[in-house]
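Participant: One letter stands for each residue in the lines below.
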Amino acid sequence: MIAVIGAGPAGLAAAMTVAQNNEQVVVIDSAPRPGGQYWRHLRKVEGYKSGRSDKYFRALEESKKIIYIRGAQIWSAVQSENAITLNYLAAGIESSITVAKVILATGAHDRALPFTGWERPGVMTPGAAQALLKGHNVIAGQKILITGTGPFLLPVAVGLAAAGAQVAGIIEAHSPLRWLRSPVALLLNPQKSIELIYYIRKIYQYKLKVSFNRAVIAYDGRAASIATVDTELRIKETVSKIDCDVIAAGWGFTPDVTLGGILGCQQVVDRDGTVIFAVDRDQRSSATNIWIAGEATGIGGADLALVEGRIAALSALGLAIPARLRLARYRLQKFATALQVSYPVGNGWQGWIALESKICRCEEVSLGEICASVSELSANDARTSKLFTRAGMGMCQGRICSRNVSEIIAKQTQCEVTEQERIGYSNRPISAPISLGALANGIK
Amino acid sequence: MSESTGADLSFTFNGDCYEGAPGQSIAAALMASGVRELRTTRFHKEPRLIFCGIGVCFDCVVVVNGVANQRACLVEINQGDEIVSSK
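Order-wise, the sequence lines are chains Y and E. Sequential numbering of the first sequence, starting at 1, is according to the working numbering. Sequential numbering of the second sequence, starting at 1001, is according to the working numbering.
Careful: at least some of the hints might be erroneous.
One side only, chain E facing chain Y, incomplete, derived with CB under 7 Å [claimed, not checked]:
| # | residue |
| --- | --- |
| 1 | Q1024 |
| 2 | A1028 |
| 3 | A1032 |
| 4 | V1056 |
| 5 | F1058 |
Cβ pair distances, simulated, as ranges [as the list claims (entries may be wrong)]:
| # | chain 1 | residue 1 | chain 2 | residue 2 | range |
| --- | --- | --- | --- | --- | --- |
| 6 | E | E1046 | Y | K65 | 48 to 54 Å |
| 7 | Y | E237 | E | N1069 | 39 to 45 Å |
| 8 | E | N1014 | Y | A320 | 46 to 52 Å |
If you're looking for bench data, these hints aren't it; they were derived computationally from the structure. Keep in mind that this is a model prediction, so the values were computed, not measured. Note that beta-carbon positions come from the ideal geometry of N, C-alpha and C, so glycine has one too.
Using the sequences plus the hints, can you model the full thing?
Facilitator: See below:
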């Protein structure tokens, strides 16, 4: 049997491909409902091609070849001679399943950058605002400011506006003219231009105010301070204040590589510093009988994830992969590269933060404390600094802050963050917190 | 999948009564009622609401029916739940 981990676009495409070829597949997902982070509709939400998830959800419910285990958090995995055992926690009970092959489609979460006041209630990721709306029918606040960088800000803003939210504006850190650096990617992906035109029309329809080359650099609980920034995100000048009670700030995405890391799948650092898995042209990882698809092999969006999911499934089934799928992946990977070129996240954000602002939200460690660990306690790398300050050692296991802490230490010590350090802070020995009690219950 | 948008579950948060719809998370139901603080932090006693909203950051942890460290953004409300802020 083949197990697919994750029920987002990549996982659903993989599962449906396996089922269509008359093989048994088990889909294990941590959420109570399918769709991953992007396809999480409780009801119809306005957005480009928002109905295309329907056939996958139907297959999950109806196909006799698909076993769907929802609400199950895999916390560890072990590979033996010819099998892979996945240990998961569902409804407080520890269980395990042993399969021959695994397709990992574990997705990604928003990358967050700290700014002065980002600890305040109301500051959240665009993913959070979208999850509240799509998954729970709740508009995050009275007046929502969308900020950060990248095209994902558009569906979030349009979805909120269409649902009746007051959107205070979209503050994009880069200029759309940066797309001119990637003419080949644009020519290869005309459907992406159509999608963009769709969102531009919606922006006009809902009269959304979009500004470029700007960022939210501070929030006092009532108003966001907006500054013009250069391409490295360094502040040029503070230009205005915008009243809002929610700031949804997102700076690209961080893939979840923990489970593949535990299974020994080789990781590499992408050109933008993101840690991803190395896969071959059939989406095969370095570990035997493990394939990986979607954001964990490079951030590229739902379209690329769907194609990669299908390729991974065909390869896992030992079937031929049609040339048109490989071509589709090539086109979309070119587009993914263009995204990185168009929306880089430089280190200028370090100039936005007051010394007393927290960098590690869990352990409440401030920028000043991290800097002092270098200047006064002679920490010369992030690991030593973390031991002094506890930054990155809280409940989120460093998922939110560890990259930012490493970038801060690198600047303080005038070094570059090494590839080894990036892979180090992206991995953890256990992929989700689990209590010893739950473990003991499973053994009984 | 529930299509209901009506609030027909009741629960308490720090002793006050709230309502929510089936399938809604604790955080969503409370935010829909205007709650802006799910907990205070351990060291500086600062208010926190949700942050990542998808179970990654653990910023929204609350105590649900006596079980600590539950992520309010993930855990769905049930009739009669007693929820209190983590301190």
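Participant: Using the C-beta atoms of E/N1014 and Y/A320, is the stated range 46 to 52 Å upheld?
Facilitator: violated, 60 Å
Participant: Using 7 Å as the Cβ threshold, decide whether E/F1058 counts as touching chain Y.
Facilitator: holds, 4 Å
Participant: Look at the Cβ atoms of E/E1046 and Y/K65 and judge whether their distance stays inside 48 to 54 Å.
Facilitator: holds, 50 Å
Participant: If you take the shortest Cβ to Cβ gap from E/A1032 to chain Y, is it below 7 Å?
Facilitator: holds, 5 Å
Participant: Restraint: E/A1028 near chain Y, CB-CB cut 7 Å. Satisfied or not?
Facilitator: holds, 3 Å
Participant: E/V1056 was flagged as interface toward chain Y. Is the shortest Cβ-Cβ separation under 7 Å?
Facilitator: Given a least distance of 5 Å, the restraint on E/V1056 holds.
Participant: Assuming the hint says 39 to 45 Å, is it satisfied by the Cβ distance from Y/E237 to E/N1069 or not?
Facilitator: holds, 43 Å
Participant: With a cut-off of 7 Å, does the beta carbon of E/Q1024 approach a beta carbon of chain Y closely enough for the hint to hold?
Facilitator: holds, 5 Å
Against the hints set out earlier in the document, a violation occurs for number 8 only.
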